[in-house]
Structure formats: structure tokens, C-alpha cells
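> The residues making up each chain are set out below.
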Amino acid sequence: MPPAAGGGLAGSELRPRRGRCGSQAARAASRDVATEAATARSPKRPALPSSRRFEAAGRWALLALVTLTSFASRFHRLDQPPHICWDETHFGKMGSYYINRTFFFDVHPPLGKMLIGLAGYLSGYDGTFLFQKPGDNYEHHSYMGMRGFCAFLGSMLIPLAYLTVLELSRSLSAALLTAALLTFDTGCLTLSQYILLDPILMFFIMAAMLSMVKYNSCANRPFSAPWWFWLSLTGVNLAGALGVKFVGLFIILQVGWNTLSDLWHLFGDLSLSMVTLGKHLTARILCLIVLPLALYIATYAVHFMVLNKSGPGDGFFSSAFQARLSGNNLHNASIPEHLAYGSVITVKNLRMAIGYLHSHRHFYPEGVGARQQQVTTYLHKDYNNLWIIKKHNSNSDPLDPSLPVEFVRHGDIIRLEHKETSRNLHSHYHEAPLTRKHYQVTGYGINGSGDSNDFWRIEVINRKFGNRIKVLRSRIRLIHLITGCVLGSSGKVLPKWGWEQMEVTCTPYLKETLSSIWNVEDHINPKLPNISLEVLQPSFPEIMLESHMVMIRGNNGLKPKDNEFTSKPWHWPVSFAPQGLRFSGANDTDFRVYLLGNPVVWWLNLLSIALYVLSASVFAVAVQRGAHLPVEVEGLSQVLLRGGGQLLFGWMMHYFPFFLMGRVLYFHHYFPAMLFSSMLTGLLWDTLLRLCAWSLASYPLARCVHVLGILSLLLGTAYSFYLFHPLAYGMVGPLAQDPRSPMAGLRWLESWDF
Amino acid sequence: MLGFLQQPVMVTAEVNLNMVALTAVGLLSRLWQLAYPRAVVFDEVYYGQHISFYMKRTFFLDGSGPPFGHMLLALGGYLGGFDGNFLWNRIGAEYSSNVPVWSLRLLPALSGALSVPMAYEIVWELGFSHCAATGAALLLLIENALITQSRLMLLESVLIFFNLLAVLSYLKFCNSQKHRPFSPRWWFWLVLTGVACSCAVGIKYVGVFTYLLVLGIAAVHAWHVIGDQTLSNVRVLCHLLARAAALVVLPVLVYLLFFYIHLLLLCRSGPHDQIMSSAFQASLEGGLARVTQGQPLEVAFGSQVTLKNVFGQPVPCWLHSHQSTYPMIYENGRGSSHQQQVTCYPFKDVNNWWIVKDPGRHQLVVNNPPRPVRHGDVVQLVHGMTTRLLNTHDVAAPLSPHAQEVSCYIDYNISMPPQNLWRLDIVNRESDTDVWKTILSEVRFVHVNTSAILKLSGVPLPDWGFRQLEVVGEKLFRGYHESTVWNVEEHRYGRSQEQKERELELHSPTQVDISRNLSFMARFSELQWRMLTVRSDDSEHKYSSTPLDWVMLDTNIAYWLHPRTSAQIHLLGNVVIWASASLATLVYALLFIWYLLRRRRRVCDLPEDRWLRWVLAGALCAGGWAVNYLPFFLMEKTLFLYHYLPALTFQILLLPVVLEHISDHLCRSQLQRSLFTALVVAWFTSACHVSNMLRPLTYGDRSLSPSELKALRWKDSWDILIRKY
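Chains A and B are the protein sequences, given in the same order. If you're matching positions, the first sequence starts at 1 in full-length UniProt numbering and goes up one per residue. If you're matching positions, the second sequence starts at 1 in full-length UniProt numbering and goes up one per residue.
No lab work stands behind these hints, which were simulated from the structure alone. Be aware that a few hints might be false.
Claimed, not checked - Cut-off 30 angstroms, straight-line C-alpha distance, at most; resulting in silico cross-link-like pairs (DSSO-like, lysine-lysine):
id	chain 1	residue 1	chain 2	residue 2
1	B	637	A	437
2	B	542	A	492
3	A	437	B	172
As the list claims (entries may be wrong) - Per label pair, the in silico range of CB-to-CB distance:
id	chain 1	residue 1	chain 2	residue 2	range
4	B	93	A	574	30 to 40 angstroms
5	A	545	B	633	37 to 47 angstroms
6	B	93	A	311	57 to 67 angstroms
7	A	363	B	713	52 to 62 angstroms
We put the beta carbon where it would ideally sit given N, CA and C, even for glycine.
Required output: the full structure, derived from the provided sequences and hints.
This is the structure:
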């Protein structure tokens with residue numbers, strides 16, 4: 001990708017763009033850049049072809065240099081340490097699942113893990129490594145393919161940021177500064193070197209940002225080939241970002257906002273007819289909504305196609321879904337078709353991501369209804385999900401071969417006995433633990449003998465009384481005989497005493513909602529013949545919807561535990577508090593890697609944000625007061641307000657929403673925001689130094705201010721990287737608390753723990 | 001000379017009879033039979049407790065809101081001569097004769113009544129007709145939910161009052177900005193805006209949303225002032241400074257003032273002392289102050305101390321030990337050291353006493369002169385009752401296996417040596433030679449052998465540990481966290497028995513009046529922080545609801561039921577008004593977008609001034625609705641229907657605005673206009689009718705028969721209480 005500066009400007013007929021983004025600003029700024037460049041040439045004046053070629057070659061060389069440095073830094077010592085680090089245990093494992101085609105469940109969308117799996121597959125990893133826990137040695141397994149893939153995407157971040165800043169500011173030095181900040185940030189470096197989703201996510205975010213910025217600069221030539229190219233590339237990258245993690249939503253919002261304001265300006269242009277506007281609108285809908293959506297859905301299609309074997313994620317999904325997976329006992333199921341007394345069954349709630357009716361040998365704590373055995377719903381398959389259907393009035397063993405088989409019919413009064421603990425499903429007039437308007441459901445009685453509160457009427461939805469009850473197909477309700485309430489799950493997560501399983505209640509409101517409808521999934525009855533059952537295959541949209549429900553529930557379930565030290569968003573930009581993440585190793589003899597941003601870079605970023613807000617508001621007020629700025633300053637202020645504004649907005653979009661999130665947060669969630677913040681820093685310092693140089697223009701050597709300033713910033717970050725590089729590349733030896741350690745002098749904050 | 005007598009003295013008074021009438025009806029509707037029912041209604045039980053605390057000047061901590069609202073209610077009690085003696089424990093309990101019910105409920109009722117004429121003024125100031133203004137006021141007047149809420153000792157109506165006052169005074173300020181900036185009138189309304197905003201925030205935290213809205217609109221207007229090039233730079237600066245002072249600095253000061261008065265009033269120790277830090281407690285009369293008075297300031301070797309954990313979560317507690325030992329084998333099969341348990345105990349107890357010992361000496365008494373303990377000193381802590389030493393070692397703690405067990409060392413003569421040296425680390429030290437001070441110093445104990453830190457893990461131990469809280473030695477985490485920080489609360493210099501007499505004379509301890517040491521700002525910030533972080537039990541309430549239930553009034557709250565008859569009070573709105581207000585918001589949004597798009601294409605349906613008026617009305621009313629409603633979707637606390645009332649008020653203000661706009665601009669012919677007017681009249685009549693029908697549930701004055709009650713249950717989700725005889 002050549003930095004399209006020269007072509008875009010010289011070639012265009014420069015139709016004024018109603019004050020919208022780049023071109024004006026860029027024109028003004030590039031004039032500034034151009035005058036300063038050694039060739040000293042205005043973009044409109046025809047220049048010597050040789051010098052132009054020379055300049056273009058210089059730009060290419062600089063880009064190549066930046067790219068090369070970033071690849072070198074990311075691939076250096078990539079194989080170290082040769083054991084599982086931190087979350088590699090999850091994502092490596094999930095990559096293996098794809099290679100083994102085993103179904104699993106994760107709270108993130110599948111694209112990132114699919115790519116990891118693909119990289120592993122192509123590099124010859126056979127999916128046999130277990131990825132059990134951090135610290136396990138890889139031994140002979142080939143892990144470099146997966147790490148290399150992540151490091152490749154992680155290295156691409158820097159050229160992408162470089163090009164974005166170049167496009168926004170038209171200034172090579174700003175772009176170079178940004179590239180240096182990111183290359184020399186130990187945090188970015190560490191995060192890019194392991195099998196994680198973050199480099200993939202950040203790659204797509206940055207690529208979307210770059211293509212959006214590029215497409216903004218093409219706005220004066222709508223519907224041209226580059227315009228279409230960048231627009232659709234934006235869409236593709238958005239799909240990628242969302243497909244890796246739901247945090248990708250933030251960049252979608254940013255692009256959406258940019259598109260809206262773009263459309264708004266087009267709409268105000270009276271020279272455009274409604275037909276042209278319609279075309280604009282349609283093009284954006286196609287490229288930014290339809291295309292990403294299609295790609296996003298396509299990743300799921302591949303996901304479900306590849307994962308066709310039963311695995312650890314089965315229980316999270318409905319019975320019908322599980323029947324798709326080979327190896328699951330519902331796949332080509334062969335089970336008794338009709339429910340009979342004495343059958344051992346599992347009962348599954350029809351609402352998505354609720355799970356099986358479950359009980360275990362633990363009581364409700366004091367103060368929560370009656371102190372009887374807990375009944376919950378549980379997503380995993382487990383022996384405690386098994387229940388036996390018994391007649392309400394006899395305790396004789398229905399499996400006695402001398403007795404005839406008796407089927408359960410719609411409207412029968414039954415008792416459900418928990419197989420493992422021999423307690424009956426029971427309800428009474430006590431408040432349910434969380435949903436206070438409902439009644440509590442418990443396990444009661446000893447060895448199957450309880451009281452009349454254990455009786456439930458089993459009903460099939462939309463069937464006549466007396467019909468038999470079918471496994472899987474029948475949608476059943478259990479109605480408590482005495483109170484008349486219906487067994488349901490509220491979907492609320494119980495506190496610690498309930499093992500964070502979900503609440504089961506008996507609701508007195510007889511509304512027909514899915515949460516009070518159940519189906520029978522497993523069915524064991526030796527007296528009945530097994531019949532091969534065709535389970536209704538769910539359609540693809542149903543699968544999509546279901547897996548999203550499960551993911552959202554999973555994400556909401558990631559609540560911080562009591563007394564856990566959790567990371568708070570306001571710790572992040574300062575890398576304050578216990579905010580480094582230990583990637584590998586804890587003791588002084590271990591090989592230690594510690595995720596911590598290069599403090600020089602991070603604190604510079606923080607300072608720059610404050611400085612940016614200050615300088616941007618000064619300019620904004622000056623413009624609003626109608627001050628007449630000199631042309632050069634005007635150009636710089638446009639770069640600062642427009643380009644910088646987009647970057648600041650990106651930073652805010654990727655940072656502030658975390659304050660509202662209730663789930664567990666980690667330090668590495670800040671890195672996408674950090675990318676934007678670094679780009680802003682590059683742009684800001686370059687602009688400010690240019691302003692300085694301009695205001696000192698009457699003095700000799702004024703230009704040196706700019707060059708010297710940029711150079712000292714570059715060298716400063718490089719030196720800080722030299723100091724802090726052991727954090728990322730790994731260190732052995734005494735801990736930093738120990739004054740003997742070489743890192744002792746670098747422990748600037750007491751909370752750092754390397 | 002007497003020339004002035006040649007002219008008669010003229011007083012010209014313009015009285016807007018509309019306003020007078022509206023005020024009168026408002027007062028009538030809110031004050032009528034105010035003291036009925038003479039029983040605790042719904043949340044009165046909760047506010048009442050706080051009023052009693054104020055009356056007795058006892059300190060309490062309440063996480064639900066800043067103190068101004070409670071103080072206003074307490075003012076009512078003070079004026080009515082309430083002595084605070086009433087047991088607020090049950091909704092429906094009959095008030096005893098010493099409770100001045102009428103004056104307690106007076107302030108909320110007055111604010112509810114005054115909201116009616118204020119609605120009139122707001123719509124008028126927005127530039128709409130008297131007719132629309134009267135309409136808005138009448139709608140507020142007959143809205144049943146607002147009547148119910150203002151007739152009881154609750155805070156929503158006061159909050160609404162200040163919200164409206166903030167908006168109204170800002171509008172007045174805006175309108176005088178056009179004519180005479182910096183006139184007294186201009187200043188008055190500007191300052192009033194700021195004060196009203198901080199009053200709203202001071203009543204409930206949600207008031208901050210209205211404040212932000214007003215601030216936002218003021219910022220946009222200020223931006224226009226900046227852009228006004230007819231003004232000189234100095235003048236622009238004056239404008240900006242005046243706004244910043246009145247809308248930012250002043251509200252902060254007023255907010256601080258509320259806390260100042262609050263702390264001034266509540267000067268006695270009370271039931272919530274334990275949650276606060278020792279220094280804060282010592283600043284209250286009674287309680288800890290009585291205990292700590294006259295105790296030595298500097299901790300010395302030989303001092304006897306109790307150590308309180310600073311974090312105080314889940315409950316405030318003191319370092320504790322007792323005779324019992326850790327069980328040899330835990331439930332999950334892990335082993336322990338079987339040494340004496342060390343826990344954190346939430347009650348005062350003789351076993352909370354520890355003696356600070358110099359490792360180099362054997363004595364447990366304070367030398368003469370006392371040798372103070374300094375930052376960095378190595379100490380041993382001796383448990384007072386059992387004289388065993390605080391110890392930690394490389395044995396996993398009972399419930400937090402990643403951390404070390406803390407015990408009091410018993411020598412079993414096995415190869416497990418004592419490791420009982422602790423280095424003192426004063427966290428809030430000013431220099432490295434600081435002395436360990438009672439109450440004021442926050443200290444950490446760093447274990448010398450393993451560099452573990454003494455920490456409260458907060459997990460309750462099982463039965464063998466008497467459900468006291470676990471204390472561990474934290475090895476991994478070395479950052480600052482309050483659970484690793486302790487402070488000395490009670491303190492005395494240890495004396496051996498035989499020297500008692502002499503030492504009494506010798507140790508005239510350094511006396512310190514701690515309450516003077518704690519500045520108002522320190523007390524304020526601690527109190528505010530505790531108020532924001534105090535954990536409320538977010539259990540679901542029978543009448544709690546979700547924000548989605550509110551827009552169309554799908555829920556209600558039964559406030560009170562007569563003990564014998566079926567007379568009852570419900571928080572139940574006027575369905576017609578709720579539904580049409582929601583509809584009006586929707587219509588406004590659609591019209592706004594439509595106009596906006598057309599203006600962008602240079603098609604101006606409205607003249608410029610009308611358009612600006614329309615935008616401002618929308619920004620204040622629809623915006624006020626949005627900022628007071630939408631944030632509830634993100635809140636995780638238990639929500640009730642009454643949380644919607646501030647939003648509803650703004651929505652109701654929008655209703656006549658939209659109606660007038662439709663009649664003025666969308667009805668093209670006279671005929672259409674007349675038809676529309678007739679429709680509006682019919683609609684308003686039906687609203688009045690509904691209001692009248694629901695009146696028995698609003699005032700609770702009439703007992704309805706079960707069939708009448710059933711007839712009022714218009715929605716299945718409404719919970720109207722029907723007695724079964």
C-alpha cells in the first residue's frame with residue numbers, strides 16, 4: 001500500500017468537500033510538509049520526474065524500514081518460553097478443538113480461534129497437545145506456527161498505524177513517531193508474541209481504521225475504484241473485528257458515526273440530487289452493513305461445519321442442536337420413545353442457555369427459604385442431572401420385571417426423584433431465593449418418601465389429555481399440585497452458595513413462557529426398546545441465535561467474585577496498581593514474562609491526551625471567535641481538530657465503555673485504546689513542534705526545533721525500550737524487589753511485581 | 001419641596017390569575033387530609049428512621065443518597081416538634097401521638113403543589129401559549145402517581161421540584177440574557193439555577209442527570225456566546241466566568257455545605273460507627289471517642305493494642321486469636337499446622353488485645369521513657385490472653401490456599417520453627433522515621449522470613465473457626481490494598497502488676513484530641529466514599545420492576561392497606577396521561593428528525609425563531625425525560641416505579657408543546673384546527689375521568705368493594721389488593 005498522498009492530491013480536481021474531513025486539511029498540511037521537504041515543491045507545480053520518483057522511493061523505504069523493525073522486534077525470541085503462557089492455555093486449546101473438530105463453547109465469537117486453528121493446521125500442528133495449564137512444556141509439539149501467526153498480525157499493527165497517521169496528518173514525522181511508540185511499547189510487544197486473540201482483534205481494528213481513513217480521503221471521487229475498494233475493505237475488517245471479540249463493536253460504532261456524519265454532509269449538499277444520495281446510502285448499506293453481516297454469518301457457518309463432533313460444549317445448547325454433533329448420544333439417537341414410569345431422564349429447559357434441571361447434596365443456606373436441598377439448572381452434563389419418574393402414590397420399583405410397562409400420560413400426577421440423592425422435587429409456599437414473587441423449589445424427603453408437596457402434574461403443550469409423552473419432541477410443563485404453580489427457571493445466577501448455577505422457581509403466574517417449558521433429553525429405561533429417532537434439525541438462523549444467546553449469557557456470567565482483586569479501568573492508562581499481568585513464571589529461578597506497557601510511552605500518551613484536549617480547545621475557541629489564522633497554522637489546526645479528533649474519539653470509544661461493564665476486566669482490555677492513544681500522541685507532538693517551528697520562523701535554525709524534537713522523542717522511546725525490554729523478552733534472576741536484580745532501578749511503581 | 005406629593009403613589013400589580021388558581025388547586029390537591037393515613041406508608045419506614053437519627057443527632061450512614069433530602073424531611077419533623085421517639089420497623093404501623101405526621105409530610109406536599117404552577121411557567125418561558133402552559137400544569141395536577149408520591153413523607157416530589165426549578169430558572173436566565181446581561185435579575189436566575197441543581201443532586205444522586213442536562217444546554221449556549229463576534233473578548237470572558245462560577249463552582253460549594261450541616265448535626269456516635277474509620281469514629285461524641293480519650297498517641301514497645309482492619313469488608317473487624325487450634329485435617333483433605341487460630345472478629349472482645357514486643361527483650365511492659373515504635377522496626381505481636389506470638393509459615397491458609405496460614409505459635413517440638421518477626425510498614429508515613437501512632441497510622445505487617453503481608457481475606461471460616469473471618473499471609477500480591485492495612489484503635493501502655501502505682505504517675509500519656517485532627521474535607525471525603533461504596537442488599541422486592549415496565553405503566557406499587565377495611569393507597573399513574581405522554585415523545589422525535597432532514601435540504605417548514613423554540617423545548621423536555629430514564633437501564637440496583645416520576649414530569653411538559661405545535665403548524669384549515677381542538681378536549685376529559693376513577697387508590701380515603709377493585713384492575717400486571725373474607 002503506497003502512501004497515496006501525492007497521487008490523491010495532485011490528481012484530483014479538488015472539489016471542495018463541504019468542510020468534511022481530510023482533504024482540505026491535508027492539502028494545507030501537505031503544503032507545509034512539501035515546503036519543508038528537501039525537494040521544496042508545491043503539489044500542483046509539475047516537478048522533475050526523477051525527484052518525484054526519488055521521493056516516492058524514500059517513502060517506500062521508510063515504510064519498509066518501519067515494517068521491518070516491527071517484524072524484527074516481534075519475531076525476536078518468539079519461541080521463548082517453550083511452555084504455555086497465560087491464556088494460551090485457552091486459545092491454544094480452542095485451536096486444537098478446531099483441528100480435532102470437537103465442539104466447544106466459548107464466550108467469544110469464533111473467528112479468532114478459527115484463524116489460530118488454521119495457522120496451527122497449516123504449520124503442521126496435529127492438535128494433540130492438551131494445553132492443560134500455564135507452564136506446561138510444549139515438548140515436541142509444533143507451536144511456532146500459531147505464535148508466528150499472531151506475531152505476524154501483531155507486527156502488522158505498526159505499519160497500519162503508520163499509514164493511518166500518515167493519511168490523517170500528511171506528515172512523515174508524525175507517522176514515524178507513532179510507529180516508534182508502538183514498536184517500542186513492551187506491552188504491545190508481549191501481547192503480540194503469544195497465542196492470544198488480542199493481536200488478531202487489534203489487527204482488524206487497526207485495519208478497519210486505516211481503510212476508513214483512506215476511504216474518507218477518497219470522498220472527492222465517489223464511486224471510483226479506490227473508493228469502492230476502501231469502503232468494502234472497511235466492511236470486511238469490521239466483520240473481522242466483531243468476529244474475534246464482541247469488543248469489535250466499538251470500532252463498528254466509530255465507523256458508523258463517521259459514516260453518519262459523512263452522509264449528513266452529503267445530504268446538506270444541495271448540488272447532489274436525491275438519486276445520487278440514494279446511491280451513496282445504498283453503497284454504504286451494502287458495504288458497511290450487508291457485507292460485514294454476511295461475512296460474520298459466514299464465519300459461524302464455517303464454525304458449525306468444522307465442529308461436528310461432540311465435545312465439552314454440548315450441554316450449553318439445546319437438545320435439537322446437540323443432535324447435529326456426532327458422538328453425542330442424541331446424534332442418530334436410539335432411545336426409548338415414550339416416557340414410562342421408572343425411566344431415568346434428564347430434563348432440559350427450552351429457553352436458551354438455561355440447562356438441565358439439577359440438584360446436589362447441598363442445602364439452601366439459612367435465611368433463604370426452607371433449609372432443604374438445592375434445586376438448580378446447570379449447563380454441563382452431569383450425573384446430578386438425572387431424575388427418575390415415579391408414580392405419586394406408590395413407591396414400588398417400576399423396573400421390577402414382573403410389572404407391566406406403564407407409560408406416563410399427559411395429565412398424570414407424578415413424582416420426580418433425584419437419582420443421586422433420592423430426594424423428591426418439591427415446592428412450597430416459601431419465597432424463591434432470588435425471584436421473591438415465586439415459590440422455592442427444593443429436594444425433599446428421604447429415599448423417595450416425602451409428602452404431598454412432591455406431586456407434580458405433567459402436561460404436554462397443545463396435546464390432548466391421555467396422550468403419551470415423547471422424548472425430545474414433547475414440550476412439557478410441570479405443575480405443582482398443591483400450590484398450582486409451574487416449574488420454571490428464572491435464569492438468574494445464584495450466589496456462591498449455589499455454585500453460580502441458575503435459580504429454579506415455581507412460578508404462580510401461569511404465563512406461557514419458554515422458561516417454564518421443558519423437554520426430556522436423555523431417557524434410560526431397560527424395559528423399553530430403543531428406537532432410532534429423527535430429531536428435528538434446527539435451521540441455521542436458529543443455531544446462530546442460540547449460540548449468541550449462550551455467549552451473551554456466558555459473558556454476563558463472568559462477574560468478579562467476592563474478595564477478588566479486580567482490575568479497574570482507571571488503573572489502566574497509568575499502568576498503576578497490580579495491573580501488570582504475569583504471563584509466565586513467578587519465582588526468581590523461572591523464566592518470567594510480565595505484561596506491562598513501557599511506562600515512558602504510556603505516560604507520554606497520558607500527557608498527550610491532556611495536552612491534546614487543551615490545544616484542540618484553544619484552536620476551536622479561536623475559530624469560533626472568528627480569529628484569522630495564518631494559512632500554515634490553519635492547516636495544522638485542521639489536522640489537529642479533524643485527524644486528532646477522530647483518534648481521540650477512537651480512544652474514548654475503546655476505553656470508556658469499560659467503565660459501564662459489570663463483567664470481570666483485565667489489563668489487556670486497554671490495548672486497543674492504547675493504539676489510538678499512541679497515534680494521537682504521534683500526531684499531536686508533530687503538529688505542536690511544527691507550530692513551534694513556525695512561531696520561531698524569524699530565528700535562524702527554527703526548523704531544527706521540529707527535527708530535534710522528533711528525534712529526541714524517537715531516541716527517548718528507543719532508550720526506554722532498551723531499559724524495559726526484559727519484561728517482554730523474558731528475564732531470569734532475582735525479583736525486582738531484590739536490590740540485586742538488574743531491574744531493581746526500574747521498579748518505578750511499588751505495585752509492579754516483576 | 002413636597003413635589004413628590006403631587007403625584008399619587010401608584011402600585012401597579014399584575015396578577016396572573018391562572019397562576020394563582022393553579023397554585024391554589026395544587027395546594028388543595030396535595031394538602032387535603034394530609035395527615036391521613038396516620039400510619040407508616042411504604043418507604044416512610046425508611047426515611048423515618050433517618051429523621052429519628054437527625055432528631056437524636058445520632059450519626060448514621062445511608063448509601064441511598066446525599067443528606068440534603070433527609071435533612072429537609074427532618075426539618076419538617078423539627079418544626080413539628082418531633083422528638084424522634086418512634087420505632088420505624090413495619091409498614092402500616094400506627095403512628096403514636098408524638099409523631100407530627102402533618103408537618104413531616106408538609107414539605108414534600110408543598111413541593112408537589114408548587115410543581116404545578118412551575119410547569120405553567122416553564123412552558124410559558126419556552127415561548128408557548130398560555131393555553132399550552134395551563135394544559136401542562138393541569139396535567140401535572142391530575143396525575144395520580146405524582147399526587148400519591150407528594151402526599152407522603154418521600155423525596156421524589158422534592159427532587160422533581162428542584163429539577164423543575166433548575167430548568168425554570170435557567171430558562172428565565174436565558175430569556176434575560178437576550179435583553180440585559182449582568183442585570184440583578186440575570187444574576188438572580190443564574191445563581192438560582194446553580195443552587196437548584198445542587199439541591200437536586202443533594203436529594204438523590206439521580207438529580208445529577210438533570211444537572212448534566214442543564215450544564216450541557218448551558219455549554220451550547222456559552223459556545224454561541226463565544227461565537228458572537230459583536231461581543232468583546234473581555235465580555236465573553238466575563239460571561240464564561242460568571243457561568244462557570246454559578247453553574248460549576250457554586251453547586252459544588254452548596255453540595256459541600258449540605259455535608260457540613262449534616263456532620264454538624266450528627267455529632268453523636270450511633271449504630272453505623274463501625275463502618276467508618278477509627279479516626280472518624282473518634283470525632284463523634286460517645287462511642288469510640290469515649291474509649292480513646294486520653295489514650296497515648298505513640299505506640300511503644302510494650303503497648304497493648306487492638307488492631308482494626310482498614311478495609312472493613314465484608315464487616316469491620318479486629319485481629320483476634322483464641323485458644324482453639326486449626327483442625328489437623330480440613331474437609332478437603334489438606335493439612336494444617338494445628339496451631340492456634342488467628343482470625344478477624346467483628347465484635348469487641350478481650351481476645352482482640354495484642355502486645356507489641358521488642359524481639360530483643362523479654363519484657364512486656366513499657367519502659368520509662370517509652371520507646372516508640374517507628375517505621376521499619378521489627379516487632380513481635382503477643383496475643384494478650386494466651387501470650388502466644390503471631391506467626392506465619394509456609395502452610396496453606398485454610399480457605400485461601402494460595403496464601404500462608406497465620407497462627408499463634410505453639411511449639412509442638414516438631415521441625416517447625418517459630419517465624420514470628422514482623423516488620424512494621426507505616427503506609428501513610430510522612431518520613432521514614434515516623435512513629436507508629438494510635439488511630440492515625442495505617443500500618444502493614446510484613447513478615448520478615450517470607451515477606452508475606454498480614455491480610456484479611458474476608459472469607460468466613462467454617463464452624464471450627466466459629467464463622468470468624470480468615471486472616472492470611474499474602475505472598476503473591478504486594479501492591480497496596482486496604483485489606484492488608486491495619487490501624488491501632490484502642491491502646492494503653494502495658495504495666496506489670498507490682499509497678500502499677502508508680503507507672504500511673506510516670507506515664508502521663510501524650511494526650512491528643514483526635515477530632516480536631518480530622519478536617520472537614522477528610523471527614524467529607526471519607527463519608528462520601530463510604531456512602532457510595534456501602535453495599536446494599538440488592539434482593540428483589542415484591543414490587544420492584546424493570547424500566548421497560550414503566551413507559552406504559554405495566555406495574556404499580558401497593559403503598560398501604562387499611563388494617564381493617566380495603567381502603568388502600570397505590571402508586572398508580574393516570575394511564576391516559578402516561579400513554580399519551582409517551583406517544584407525544586415519539587411524535588416529537590419523528591417530527592424533529594423530519595424537520596431536521598428537510599432543513600438540511602434548505603426546506604424550512606418552520607420560521608427560524610419557531611424552530612429554535614421547538615428545539616429548546618425538545619432539548620429540555622424530551623432530553624429531560626431521556627436523561628432521567630435511560631440511565632436506569634444500566635443500573636443494577638433494585639428499581640421501583642417511583643424512579644420514573646422525574647422522567648415522567650418532563651414527558652408531561654412536552655405533551656402540550658407537541659399538541660400546540662400540531663394545532664398551529666400541521667392543521668392546515670380552520671376546520672381541521674377545530675376538529676383537533678375538540679379531540680384534545682375530549683382526550684383531556686377522559687384523562688380527568690380516569691384520574692377521578694383512580695382517586696380512591698390515590699388518597700386511600702374510601703373503602704372499595706371487591707368488585708369495584710376488580711373493575712379497577714385494568715391491566716393484569718397491576719397488583720391491587722383484594723381482601724378475602
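> Could you tell me whether the CB distance from residue 545 of chain A to residue 633 of chain B stays inside 37 to 47 angstroms?
This hint is violated: roughly 22 angstroms between Cβ atoms.
> Next pair to validate is residue 637 of chain B with residue 437 of chain A; report whether the Cα-Cα distance is within 30 angstroms.
With a Cα-Cα distance of about 17 angstroms, the restraint between residue 637 of chain B and residue 437 of chain A holds, given a limit of 30 angstroms.
> Does the structure keep residue 437 of chain A and residue 172 of chain B at a Cα separation of 30 angstroms or less?
violated, 48 angstroms
> Per the hint of 52 to 62 angstroms, is the separation of the Cβ atoms of residue 363 of chain A and residue 713 of chain B within bounds?
violated, 39 angstroms
> Given a hint of 30 to 40 angstroms, does the C-beta separation of residue 93 of chain B and residue 574 of chain A actually sit inside it?
violated, 53 angstroms
> Indicate whether the distance between the beta carbons of residue 93 of chain B and residue 311 of chain A respects the range 57 to 67 angstroms.
Since residue 93 of chain B and residue 311 of chain A have Cβ atoms about 60 angstroms apart, the given range 57 to 67 angstroms holds.
> Taking only the CA atoms, is the gap from residue 542 of chain B to residue 492 of chain A under or equal to 30 angstroms?
holds, 16 angstroms
The structure fails hints 3, 4, 5, 7 (numbered hints given earlier, in ascending order).
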